[in-house]
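There are 2 protein chains.
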Amino acid sequence: MTEFDSSLMEQMRRHRSIREFKPDPLPEGMLEAIVSSAQMASTSSYLQYYSVVVVEEVDKKARLAELCGNQDQIRQCPTFLVFCADLHRLKRVCDREGTLIQTGYVESLLVAAIDAALLAQNAALAAESLGLGMVYIGAIRNEPAQVIAELGLPNLTFPIVGMCLGYPAVDPPSKPRLPLPAVLHRERYQAKAMDAHLDAYDAKIVTMEMFRHMETGEVYGWMARAARQAAYTDPKRLRVDVGRVLREQGFGLK
Amino acid sequence: MTEFDSSLMEQMRRHRSIREFKPDPLPEGMLEAIVSSAQMASTSSYLQYYSVVVVEEVDKKARLAELCGNQDQIRQCPTFLVFCADLHRLKRVCDREGTLIQTGYVESLLVAAIDAALLAQNAALAAESLGLGMVYIGAIRNEPAQVIAELGLPNLTFPIVGMCLGYPAVDPPSKPRLPLPAVLHRERYQAKAMDAHLDAYDAKIVTMEMFRHMETGEVYGWMARAARQAAYTDPKRLRVDVGRVLREQGFGLK
Chain A
1 MTEFDSSLME QMRRHRSIRE FKPDPLPEGM LEAIVSSAQM ASTSSYLQYY SVVVVEEVDK
61 KARLAELCGN QDQIRQCPTF LVFCADLHRL KRVCDREGTL IQTGYVESLL VAAIDAALLA
121 QNAALAAESL GLGMVYIGAI RNEPAQVIAE LGLPNLTFPI VGMCLGYPAV DPPSKPRLPL
181 PAVLHRERYQ AKAMDAHLDA YDAKIVTMEM FRHMETGEVY GWMARAARQA AYTDPKRLRV
241 DVGRVLREQG FGLK
Chain B
255 MTEFDSSLME QMRRHRSIRE FKPDPLPEGM LEAIVSSAQM ASTSSYLQYY SVVVVEEVDK
315 KARLAELCGN QDQIRQCPTF LVFCADLHRL KRVCDREGTL IQTGYVESLL VAAIDAALLA
375 QNAALAAESL GLGMVYIGAI RNEPAQVIAE LGLPNLTFPI VGMCLGYPAV DPPSKPRLPL
435 PAVLHRERYQ AKAMDAHLDA YDAKIVTMEM FRHMETGEVY GWMARAARQA AYTDPKRLRV
495 DVGRVLREQG FGLK
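First to last, the sequence lines map onto chains A and B.
One point on numbering: in our numbering, the residue at position 250 of the first sequence is 250, and numbering is uninterrupted.
Every number in our numbering is 254 more than the matching position in the second sequence, counting from 1.
In the PhoX-like style, the derived pairs of lysine-lysine whose C-alpha atoms are separated by at most 25 Å in a straight line are:
#1 A:Lys61 / A:Lys22
#2 B:Lys314 / A:Lys192
#3 A:Lys254 / B:Lys490
#4 A:Lys60 / B:Lys446
#5 B:Lys315 / A:Lys192
In silico contact screen, one side only, chain B against chain A (beta carbon under 10 Å); selected entries:
#6 Ala367
#7 Thr411
#8 Pro433
#9 Arg440
#10 Asp456
#11 Arg479
#12 Thr487
No wet-lab data here; the hints were simulated from the structure.
The beta-carbon is built from N, C-alpha and C at its ideal position, and this holds for glycine as well.
Extracted from the complex, chain A is given alone in its bound form:
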């Protein structure tokens, strides 16, 4: 790509989400190798605010699929991971040591969500490096109370993102990302400068015919799609329960 490249960066650029999996399970020990390598991701103050619940039972995966907008890839993949923000472990440690954990502020959620996401992205890349495919499931936040019940998630934990893992049954192309100048800002955020880059990006997506109206067959671009999605007012799509359930789990969100 440029003179600055590595096999790791090449692998990153080949990433595409996989939504159809072969039935083969992960070989014994592979998941453990993936997650323990992933744990070496940076973690805020060395506190390791995360847990991963691995679900492989067929019925449980089916129930989670239902709770995540009925996404069939959760049923199909042999291994489904739920990356959780976890202050519960730290609370156990505080209880043992006789201190009182602070969880009243939105910062407590942010720090744990970021920790969980860093772990998840390491796991994604490690899995891909072993020939697996993956897709994130943000819909794990669609019905947080029911997911929490299904996984037995205690107080001070919350499901941040799901991940289907398995051997790919398909080989879709990668989707081009926004032009770098629309994302990378020098010294200050450059709001107006990005507009021309958005136009160029949109034209490229249209040329690729990536999105098409089901009824009319009309091709549309990234901007039309994004503007529609960002404006959904359906409470399910807005995930209006997330805040309430976070508070019920002990995250103060002040």
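We have chain A already, so just place chain B on it with the hints.
Structure of chain B alone, referenced to chain A:
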């Protein structure tokens, strides 16, 4: 490590945060290669809710160092990145397309923070694959209003995490992470099963003499340190301003 391994996973396991940098700048074009490869990280609904502000001006880095608990590595590193949750770009798109972006719920923050963290972790690994060192700066959230002013961050953006990049001037060891069974749960969260693993981990950290009281010289473990840090009540450490500033930036947090 096990029969399931890759050069990418080996690199992950070698990770250690770097807090002292050589003065050499990044070669021209290297940052662009890192961030554009990193952009291939998964992104929720293909909406790309993130921006990166790169700061290389010496005075600006010094001001940001002050705002981040006076961390000298921000002054020292040639390139400082601020990964931002960004719904502003999407709002511009909505304005052009005539739709109304929804930002009232804590979900809007979560989805963008996760997106920004996935991008950041890809960038961290890409940078390390090119021989750079990095450390995350969570303290970018210490004084969010002033960081926002310094970087000209518009409405609907928020600094999620900072990152120092540069050539390492030191070669510290990696810090061992929690035992896998304390982090990876089968089918359901296993709260009680983790306690024995925490004890074993603590004993290992004590043996390594990683933490030592400055005054008494006494060695202490991960649990004692974690229990103290999680219980800080100092408003600065709790980052009590994050919620207010998020709301000022247009994140509803309902």
